[in-house]
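Just so you know, the protein sequences line up as chains B and U, in that order. Reminder that position 233 of the first sequence reads as 244 in this note's numbering, one-by-one numbering, no gaps. Reminder that position 109 of the second sequence reads as 120 in this note's numbering, one-by-one numbering, no gaps.
Honestly, I wouldn't trust all of these hints.
Claimed, not checked - Straight-line distance between alpha carbons at most 27 angstroms, and here's what the computed BS3-like set of lysine-lysine pairs gives:
#1 B:K202 x U:K37
#2 U:K114 x U:K37
#3 U:K114 x B:K42
#4 U:K37 x U:K22
Calculated from the structure, these hints are not laboratory results.
Here is what each chain is made of, one letter per residue.
Number of protein chains: 2
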Amino acid sequence: MHQLIREMFHKAFGSSPDAHDSAVLKIPQNKIAFTTDSFVVRPLFFPGGDIGSLSIHGTVNDLAMSGAEPLWLTASFIIEEGLPMETLWKIVSSMARAAESAKVKIVTGDTKVVERGHGDGIYINTAGVGVLHHDLHIHPHSVRAGDIILLSGDVGRHGMAVMSSRESLEFETTIQSDSAPVAAPVLDLLKAGLNLHCLRDCTRGGLITTLNEIASSANLSFEIHESAIPIQPEVQGACEMLGLDPFYVANEGAFVIFVAEKEAKLALEILKSHIQTAQACQIGQVLEDGVAPVLIKNTLGTRRIAPVLSGEQLPRIC
Amino acid sequence: MHQLIREMFHKAFGSSPDAHDSAVLKIPQNKIAFTTDSFVVRPLFFPGGDIGSLSIHGTVNDLAMSGAEPLWLTASFIIEEGLPMETLWKIVSSMARAAESAKVKIVTGDTKVVERGHGDGIYINTAGVGVLHHDLHIHPHSVRAGDIILLSGDVGRHGMAVMSSRESLEFETTIQSDSAPVAAPVLDLLKAGLNLHCLRDCTRGGLITTLNEIASSANLSFEIHESAIPIQPEVQGACEMLGLDPFYVANEGAFVIFVAEKEAKLALEILKSHIQTAQACQIGQVLEDGVAPVLIKNTLGTRRIAPVLSGEQLPRIC
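Looking at chain B on its own, in the form it has when it is part of the complex:
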């Protein structure tokens, strides 16, 4: 079986992720970003993606959020006995396609097999290394009062796509995950010389959890305009049916960008020129101070506090 898996990986990735050796890599910069994520999403396939493409996009995007150019990935698999080889091949092929489109190379990896009943088909871990071509400190600590908050696109799609698929919910239109690599627009923002203060993808806990994390870390308050946040009508509908708030539902492509007010227009133009971030918009601003980390202003001008949810978030979403 190990032999079979090795051959499959060799065919898909052009290198054997089961090799004992480390990959030796020549890096063009002396500052790197290094990250990892494990993926346990259930079901393995959902509208708009699968555990394979997700495992590539997740790590590529984590690197992009540091302002790094993603270069190399490792891929490590924990496979439950009985996983059909056809399923594994579909996942591995999807990873290879996702890696190619994100312009990263899977350079090494590992495979472990566990007995039936000790896994859930497959768990994937990817780690990534990227290089930084700039000296910006892209971090919540660089966020300043007056900064404009941009959002790269509509929210709530990934979580609802997985949930609908898991619970076999039928809506008029199938909700597609927003899972996509977003390094290209981020690198374009940096190439234009924009002084990005902070970037973060709105994954676990969705947009509002992400904003709360940044606000707490920056020790500042954000005012968000509810009507400015794009949500697809079918996502809104599905959330209403299930009693979920789309602002707290996980995304896998949507991210927030903090820039000085004078740079917001150019940043938006650049984002809109990329297909992944064509719907980018301004959703709010960083306040001098405030009563709570995140305030949401509705169309009537009323403001409410948007806290971190303390209850259970959707499990096994990535």
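Start from chain B and add chain U according to the hints.
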């Protein structure tokens, strides 16, 4: 629970491996080694180690086998609901201690929780980045006929320690795993200017499988002296009881070194000066050509072919 885990990791590693961001790292060289391994060992604790220390040693040693100085690790956890927090803390503390003694820093990480019955307590993935301070091509392709084959210490201990513990076998003396970081002796060999041709740890499939892999890749034959390979008597005894060949049992510290004949003496001296490799010895030589990749010569001078085992190896050993 996520909050609790985050705090635990922060306390153990001094940084939160659950941070969304990548770690940004300044590297002192322009050539890096990058590797990953997932760990699914069962039981989680065994004589001489646990899944935590193993996950550090495994990745540190993979980097060392490329001749890299291990610097940074990521740690990613898939935790089964119901794992006692005390167990998690023991594992995480063991990782922190292992990382400290191996002089690596855990810079970022990730945690996923799966439902009861969809894991096995805990699975750990570590990825590692190290830097190369030399221009050697440490690889089977650099092995030459006439090279001396050195072994860093006795074999068979890790696999037998895990097996004995899993099957609750009692021997007169408890067999301790050889799990240990071996970067320090390797870096010393390089510092002495030795032209190392190939290094490889004898993990999955043990010493003979490792030698077969290198021989096949190098397209050469190795002659190994059976009596030169150190094995602890209790490991030999346990293997006889279970019908296993210690030369095929997994190790987590033992590794082989290929050097030119004129450099073997100095290499051995350096290895012997380190506690992890104090038992290092010469076990064989690379032949001009041969009838099989690996030949074992016994004390009577008879040679037999030592093939790759085609059957099932011990499962869940790392």
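Hints, one by one, checked against the model:
| no. | hint | in the structure |
| --- | --- | --- |
| 1 | B:K202 x U:K37 | holds, 21 angstroms |
| 2 | U:K114 x U:K37 | holds, 17 angstroms |
| 3 | U:K114 x B:K42 | holds, 20 angstroms |
| 4 | U:K37 x U:K22 | holds, 24 angstroms |
Of the numbered hints listed earlier, not one is contradicted by the structure.
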